[in-house]
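Chemist: Going down the list, the sequences are from chains Z and V. Here the first sequence stands for residues 0 to 380, where the numbers follow numbering that gives the first Met the number 0. Here the second sequence stands for residues 0 to 380, where the numbers follow numbering that gives the first Met the number 0.
Treat the hints as calculated values from the structure; they're not laboratory data. Do not rely on the hints blindly, as some may be mistaken.
Which copy is meant is left open, so a pair is good if it fits within one copy or across any two.
What the hints assert, rightly or not - Here are the simulated lysine-lysine pairs, BS3-like style, with alpha carbons at most 25 Å apart:
1) LYS253 <-> LYS115
2) LYS253 <-> LYS130
3) LYS296 <-> LYS330
4) LYS296 <-> LYS240
5) LYS130 <-> LYS246
6) LYS315 <-> LYS115
7) LYS4 <-> LYS147
8) LYS147 <-> LYS315
9) LYS296 <-> LYS246
2 protein chains.
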Amino acid sequence: METNKTTGIVETKYLTFAQPPEDLALESGERLGPITLAYETYGSLNEGRTNAILLFHALSGDAHAAGYHQGDNQPGWWDGMIGPDKAFDTNKYFVICSNVIGGCMGSTGPSSVNPKTGQPYSLDFPIISIKDMVNAQARLLDYLGIDKLLCVSGGSMGGMQALQWAVSYPTRVRSAIPIATTARHSPQQIAFNEVGRQAIMADPNWNNGGYYSSTPPTRGLSVARMVGHITYMSDASMAEKFGRRFKDRVDNEKFEPDFEVEGYLQYRGDNFVKRFDANSYLYITKALDYFDLENGKGLNQVLKGVKAKFLVIAFKSDWLYPAYQSREIVKACKLAGIDATYCELNSNYGHDAFLLEIEEQEYLVKHFLSNVIESNGNGKS
Amino acid sequence: METNKTTGIVETKYLTFAQPPEDLALESGERLGPITLAYETYGSLNEGRTNAILLFHALSGDAHAAGYHQGDNQPGWWDGMIGPDKAFDTNKYFVICSNVIGGCMGSTGPSSVNPKTGQPYSLDFPIISIKDMVNAQARLLDYLGIDKLLCVSGGSMGGMQALQWAVSYPTRVRSAIPIATTARHSPQQIAFNEVGRQAIMADPNWNNGGYYSSTPPTRGLSVARMVGHITYMSDASMAEKFGRRFKDRVDNEKFEPDFEVEGYLQYRGDNFVKRFDANSYLYITKALDYFDLENGKGLNQVLKGVKAKFLVIAFKSDWLYPAYQSREIVKACKLAGIDATYCELNSNYGHDAFLLEIEEQEYLVKHFLSNVIESNGNGKS
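Start from the sequences, fold in the hints, and give me the full structure.
Modeler: Take a look at the structure:
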């Protein structure tokens, strides 16, 4: 029998919180509302409502994790992992992915209209945290009528949300797969984000965030994205992909990019500014930098009440979220009595490996999810 | 007997090439002239003229390597390594350091006056290479009456110049100490430089290089320097120095730097723009990126005619110029029959280690130089 390996045509849906409270109490003490979340779902919720998996995107991702939007050639950002017979098997599981608040892909963010002014929020948008993102997702689950998740998972910032879910909603999470992530941003991780922010804010078009009716700070945002892309790849993967090869010059001007690697970064930067909002970049990177699950208490203390089983995945060549940060999570899990498995995968792709190393991750995730279902005895779809 | 451990008050000197040809044939095919080189010397040349050591600075360095300028509190950038009884012992050796061409610290560069126009060169300054820098230094040695160097040494870009000297002037170099360097820039190294260049060129004040009579592109240059500083430190040294500590806020504005590491980067960026020319940053980083000593021939082939002994030093935590690049140099030396010693030092300082790890480097350099002198039997001062 042939298996259809694609999720097919999918659509982004939108939930605007309608049940009181219609707004969200943020970690900063402020309130944000009204709130819309963009989300997608793949597969079907079973009768027992026990087969739901919530996936989280990284810094620049969105709700479109799998399948194709009508007319698109490119599938969602984690299509290799989500679909019939794939790691997150849509024949078995009901998979949900939502765009984070603070973003610019359909969820409420700094480019959304501030109801108080009728204008985009811009910098009047409140500072949001990973915890706030997670609390907004919990409201989406309430709306979908899902009390308990079979699994939460994501890479990079998605992994932080998985960790935060397990801690914030211990009774709603049966398992967590944080990938290529950390329980707290290191000063080096903060520093790279800060360079991106400074590049955006150095662009006169940023205009202190007020550019929604003028030219946006595309040069600054492009530089920010270029820095990002260097940190997503490894020294070895860059050497393999580009070497020291030259590209064709366009204008034959001094300091025009002439190495292939320079052309690649420029291409990535130029494309990014077409789809991403510079203020969202500021807000979301700040949420990353402020993330500190430990918060001075010791990570194993914070994890004490967690009931989820853990599968922690890291990649040897990932120097942006180095494997030692994943090992710290696993160590704290063990100290907190959590059933945690650690896998450090050999990959040359650097941080991008969580998006590219499908086969090995699929194997690990499939077995892990089967074990979670068997050990609880109530998760069969 | 007490030893005076400081080089004392020093002065930068300037040589303008006066012997024909008064200009320099560049690797690009263009000619550059007139040429001035800023340089400093420490210690005394012996009668046999056999005790001269030429040291090279890195990207943002200058000729002021040791001692104090009148009225200054800070000594030169490698003062820990240069002076009486230090690694480069000025009781024994005559130490020379010159600012590279293309720079902005007294040597001819894009901010110098173009004799054809009477205005600063700006982007009319020709593209220069590490080889061009070295050829200019050879003219300085001719002027000083030094035929043969006891040693050439430097870290980072300084190490590239040391390598280039050994290859370009095999009969003039008795030993070389390249530190924390590479024989060719990798795509990752190119990529980081390209981000810095794009940050500068994204600043409207850059004005296609024509800013010498207006406001210079300080915001862009500051971002470039911030990227640089992240790559000079290690994850571990940042964690040790800053952790996740917050600094006092100045304006209490959103996206104002609030972590200590952010304040440090801002401080470094702000200071850099006071002393460095943005166009020089473009020209010198391009010289770094174009550097490829191997040039398709195989490094061991290129090193075949080299007569110098080598001491190659790398640092385990240096991820900008990773130790494997130094090991490649050593391997090629061995294949070329060169007497080469390799030392990989344990240091947490990352790439900055070549400036900070004085004690271990001093020990290695002192012994190496003694051996060079003994084995040739003609180097005693």
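Chemist: Compare the structure with each hint and give your call.
Modeler: Hints versus structure:
no.: 1; hint: LYS253 <-> LYS115; result: between (49 Å within a copy, 20 Å between copies)
no.: 2; hint: LYS253 <-> LYS130; result: between (47 Å within a copy, 19 Å between copies)
no.: 3; hint: LYS296 <-> LYS330; result: within (15 Å within a copy, 49 Å between copies)
no.: 4; hint: LYS296 <-> LYS240; result: between (43 Å within a copy, 21 Å between copies)
no.: 5; hint: LYS130 <-> LYS246; result: between (44 Å within a copy, 23 Å between copies)
no.: 6; hint: LYS315 <-> LYS115; result: neither (48 Å within a copy, 55 Å between copies)
no.: 7; hint: LYS4 <-> LYS147; result: neither (27 Å within a copy, 70 Å between copies)
no.: 8; hint: LYS147 <-> LYS315; result: neither (33 Å within a copy, 47 Å between copies)
no.: 9; hint: LYS296 <-> LYS246; result: between (51 Å within a copy, 21 Å between copies)
Checked against the numbered hints above, the structure violates hints 6, 7, 8; every other hint is satisfied.
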